[in-house]
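There are 2 protein chains.
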Amino acid sequence: MSSNANTIYYTLTDEAPSLATCSLLPIVRTFTSAANIDVKITDISLAGRILSGFPDYLAEEQRVQDGLAFLGELTQDPDANIIKLPNISASVPQLKDCIAELQGQGYALPDYPETPETDEEKDVAARYSKVLGSAVNPVLREGNSDRRAPGAVKQFVKKFPHSMGAWSMASRSHADYMRGGDFYSAEQSFTMAQAGDVRIEFVSPDGTVSVKKELPLLEGEVVDSMRMSAKALREFLEETMQDAKDSGVMWSLHVKATMMKVSHPIVFGHAVTVFYKDLFEKHAALFEELGVNPNNGLSSVYEKIESLPRSKREEIAQDIHDCYEHRPELAMVDSVKGITNLHVPSDVIVDASMPAMIRNGGKMWGPDGKPKDTKAVMPESTYSVLYQEMINFCKTNGAFDPTTCGTVPNVGLMAKKAEEYGSHDKTFEIEEEGVMRVVDASGNVLTQHDVEPGDIWRACQTKDEAIRDWVKLAVTRSRQSDTPVIFWLDRNRAHDIELIKKVNTYLKDHDTDGLDIRIMTYVEAIRRSMERMIRGSDTISATGNVLRDYLTDLFPIMELGTSAKMLSIVPMLKGGGMYETGAGGSAPKHVQQLQEENHLRWDSLGEFLALAVSLEDMGIKQDNQAAAILAKTLDTATGKLLENNKSPSRKVGELDNRGSHFYLGLYWAQAVAAQDEDPALAAKFAPLAEALAGAEEAIISELEQAQGKPVQEEGYGYYHADRAAVKRIMRASPSLNAILADANT
Amino acid sequence: MSSNANTIYYTLTDEAPSLATCSLLPIVRTFTSAANIDVKITDISLAGRILSGFPDYLAEEQRVQDGLAFLGELTQDPDANIIKLPNISASVPQLKDCIAELQGQGYALPDYPETPETDEEKDVAARYSKVLGSAVNPVLREGNSDRRAPGAVKQFVKKFPHSMGAWSMASRSHADYMRGGDFYSAEQSFTMAQAGDVRIEFVSPDGTVSVKKELPLLEGEVVDSMRMSAKALREFLEETMQDAKDSGVMWSLHVKATMMKVSHPIVFGHAVTVFYKDLFEKHAALFEELGVNPNNGLSSVYEKIESLPRSKREEIAQDIHDCYEHRPELAMVDSVKGITNLHVPSDVIVDASMPAMIRNGGKMWGPDGKPKDTKAVMPESTYSVLYQEMINFCKTNGAFDPTTCGTVPNVGLMAKKAEEYGSHDKTFEIEEEGVMRVVDASGNVLTQHDVEPGDIWRACQTKDEAIRDWVKLAVTRSRQSDTPVIFWLDRNRAHDIELIKKVNTYLKDHDTDGLDIRIMTYVEAIRRSMERMIRGSDTISATGNVLRDYLTDLFPIMELGTSAKMLSIVPMLKGGGMYETGAGGSAPKHVQQLQEENHLRWDSLGEFLALAVSLEDMGIKQDNQAAAILAKTLDTATGKLLENNKSPSRKVGELDNRGSHFYLGLYWAQAVAAQDEDPALAAKFAPLAEALAGAEEAIISELEQAQGKPVQEEGYGYYHADRAAVKRIMRASPSLNAILADANT
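Line by line, the protein sequences give chains B and L.
Per my numbering, numbering through the first sequence is continuous, rising by one, with the last residue being 745.
Per my numbering, numbering through the second sequence is continuous, rising by one, with the last residue being 745.
Misleading hints may appear alongside valid ones.
[As the list claims (entries may be wrong)] The following label-pair restraints were derived from C-beta to C-beta distances:
no., chain 1, residue 1, chain 2, residue 2, range
1, L, E289, B, D401, 56 to 62 Å
2, B, E315, L, G248, 37 to 43 Å
3, B, D401, L, F70, 42 to 48 Å
4, B, G291, L, T403, 45 to 51 Å
If you're looking for bench data, these hints aren't it; they were derived computationally from the structure.
Positions of the beta carbon are idealized from the N, C-alpha and C atoms, including for glycine.
Model the full structure from these sequences, guided by the hints.
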């Protein structure tokens, strides 16, 4: 047993979840201490990760531990038990905002170098790039992924369904994607017969070979390479804009620039320069000089021209306006503020934006603030096809009915930075015509692509150990839940052809007798899953890493109205467990509401569910009976909370995140007090249950009083908040604080 | 060998094909006589069938043989060889037109009794009902169906593709159908364990049982019963009209009132009275009195009010006009003449109208003559779902590309009036509340439906022998053409559940080793067929009788631009063969053009193809080598005709049906002269080839001269043309006539 055996590592992240943690943890610890479990906070916030990367720039007392590195090591411990809350996958603009905030707080961090030139700048850039995008998950997800809708949540939704926008059979909305020239059409894949090094090389027309990267590969590892043609991409984007204009639908782009942090900002930039082609052509020299970067969205233009004289700014504003004349309407992120789909790359994230559109009857918000039919453009076709399939399905069958539909849990191939999620350091924007190839130690060319300037080339890798574990997890989940499983693998896709061979091999390692296990293309798989779903049947999706990410938003948003209510478990390869609390992002809009109205609508349901599985697991692995009882009673409490509608309201003056935590504590204490497996534990919690019940009126009243006015805490920062200030805000009920203090003495 | 061994029975039908026959047969006989084959004409035209039914009303010299009955007997002869051209499936209005024409020609036929009361009227009505709707095919189709695109035609289309309307991903068009209350949702089915009689009974609420029909059933026969709720139908129709109005698409109804002659006119009538609800409510008493029958379309209103005073007529016209105010636009049959989709039930036939719409980018013609997106309403959902699937597929993948797409041949379960095609005499419009049930001789209730007034109840039957032969034919075709076969059977549908059992049983009678044979729902099957088709792969559809009908228009119209170019063979149960010449209807618009411009654009390609297979079959069965050579050389000639673009043009002054026949004769004679298998035959046809080639200019010139003016033959009738007059029109080249006369002496 390691020193971590009785510790739950609870992550401190960003935005709404980090605020909620401040209110929830004191309650949680009141329970866990009774089972001799320590709940430790580990800071993996964006600010924390930045600070930990620059000790040499900071005063000694400003330096912080690298929480992420610590947890990364912990994943190798069989006793690891980590509760991971949603955190910011930072885009460049977010990163720069955070740096500015920290600098303002007196941290002497260097500026983010847009175009690093000196060695020092390059060093700084390299350190910052480590915290960009999806930097946390690849470190922590040392296992495959098991995501499902908890039974209590599903039951609750059937009783109290979320709203679903009606679908018209005459809807014009659709998903559009490249029919050639994209990664899908050019993918090549191979499996390493034995371990060895390979080189990624660029060969220029004159035969000069430059090595872009060397990769040490393991036996059985699958390596893919693929190329997206910039020319084909730009032609496609232009066509979609013309088509949207002609057919009178809005145009919208759906990528995941935060996560696919190298390739998708480039795609986003192309969309910006194609849409505002006249603008970028007319002011090419000026924008170059100003350092406008279309990959950061149109906002980069607005930002960079601020320094220009007014007349020039007005000319450019007019030129932007003129662009709209011959372009389709853009779907809006915020129609009141005039923030379009192309404003900032981090505003529209495909795995959240597409389900939102589909849940909304296929409509997005227009410049006039009205919902409208939309062309949803997702250039890379590999996974986009499934959104079009779902749109067609909804046109034909109407919106999904949460009160009757089945569920589609996911078993995702995620371990060891599988697939595209580990591709960032192997993704290149091509600078000159030539050939990109992967070559083995003996000089054999394994894959080869002709490339042109601007093309995006990338390689992905998937470790055999991860695939083997994924197949095992899929079979295990199918058996445990008595549910058919579909492996979403496309027999026409190079990478998937390699995986299909492995799946067929590794399935033989398991008893699959009586299980319904199929291998289908993504379109076939989603169609079958939906056909079963509307008839109330469940189907496990066993998918690759990107599909895991997409589907665990897509289906939960249809089934549950949110992905935050999903159980998200990472059974780690080394035996530990990580429990993620929902996949709904870190909710910047919630923070905005808190600042303006002191009302936090963040729903900690994900934390409750994750904590219960974390405790359950600890109960089993450490033979901790109290932990097992706490897990069971926590689930009871969560069910009751849902039943009694004590989840946070969206409206100021009503119950918010803090009040919801109080009710969880109350119901949990009551449930522990009521159980008879461990009478001593019951007796221990009876007084707390009584105290909380008695103070209900006072506590709720105090929490209500706190709401309504803008938060005016001085020390409050967005990315790096003063914890004392957060505590004053988030622990606003003196009565509750007193009861908890009392219980912990 | 029977007396029919060397005879091809060539049917004389209606409209364009009957005109074409007059020109084609003299050419054909010139060839067949050389193989000692007699080509005999058998009259199965609508007029002929009417006349043959009323000998007692006619003068002796006016009486005609019952050609249909003759051919019906012939189907039982293993030597039968029948070439069947398209004929009219008469609606009531067509029937009445035809009766009027014959009466005008001096045939003392009784009027069609709308509401027969006296015994005589009932007798007359019964005789007329025999010629209504699809009266020919059920008699002749004494076998299952084998339909495919001939290789030569497919090759031709790849070189010279027909036009395909572009599909927009933003298209609003869709197919809508009932989600409950229809036949599909209420179907019940059983298989007779042994031969026996069953009764169809109506049980009224007071328990009174009335026997509606007795059915003698064979062992293994599958019997279905089903009910469409009138209330659900009318609610559905109203909803679709509201929805189309709200979403700004046109509304259109797609049924097959001609073929499904009992149930579909009722459905059509409901659509008329729902669409024009205010009109029919306001004038209920008057319309009742006038005998307006909405099942005959809105034209029935116009027809019946002709006798009213002008002011009343104008009031009604205004009321019709007012109906349009709050209804969606109706898709038009003829926007210039103001003929809407609801005018006449025989104008819009689902199996032709839906492919036309899909081929036209999902658009139908609006009142303003412009193509527009449309809601295609097909109330009964059983087969409608596949049109919606194809529409979604085209929205996603664009229009089918005839130059690259594969083919979907059909093996159809047609023998012994299988399924819905034999349901007319077992279809009832319910008059009072009660129960419809099927009861066996021992009194066991086999199926049972609660019914309400207006509901449509029907029973269908399918003979085991037919199913067994169908499975065999599917396996045979799969083996012969090395093509996968999908049995389109819906595991959720009562009837198909019975069939799936039989298919699985009978497949064991055959060597299916190495064949790809699947059973899929209609939606799964069409999706898979389309996915394969756009990748250039072929897939045999093995379907029931209605799907046979629908799919052999749907796929050919996408692949070939017309279903008239399909090879359509009925390998009869008793060993004979029937060769149908295309499934494109009898082309009334062609006749109209002939009358106005003396140009017949009817393409006899279907006749050429059928004749070749007919001759090939005769060659094999009668060991007639000359017939075999004629078959092969006819195919060569047809290929050359396509290559040289000698098919009829649509435009007056250019090559028409007659000129096309000339070229067929020329190429055929040249091909026979050029073959060396039978030198004597070659020598025999060399002079004909030479004569035709030499006279080409003269013949084409004579045929051109004939065109341009309205046909002014006195004896010409639409349904019952004077054959001498037709001969003067259709054999307009004296040079050609002379050469043929010469060759036949």
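Against the structure, the hints come out as follows:
Distance hint for E289 of chain L and D401 of chain B: a CB-CB separation of about 48 Å, inconsistent with the stated range 56 to 62 Å. For the pair E315 of chain B and G248 of chain L, the beta carbons lie near 40 Å from each other, so the given range of 37 to 43 Å is met. Between D401 of chain B and F70 of chain L the beta carbon distance is about 58 Å. The supplied range of 42 to 48 Å is therefore violated. Checking the proposed 45 to 51 Å range against G291 of chain B and T403 of chain L shows it holds: the Cβ atoms sit about 50 Å from each other.
Comparing the model with each numbered hint stated earlier shows that hints 1, 3 do not hold.
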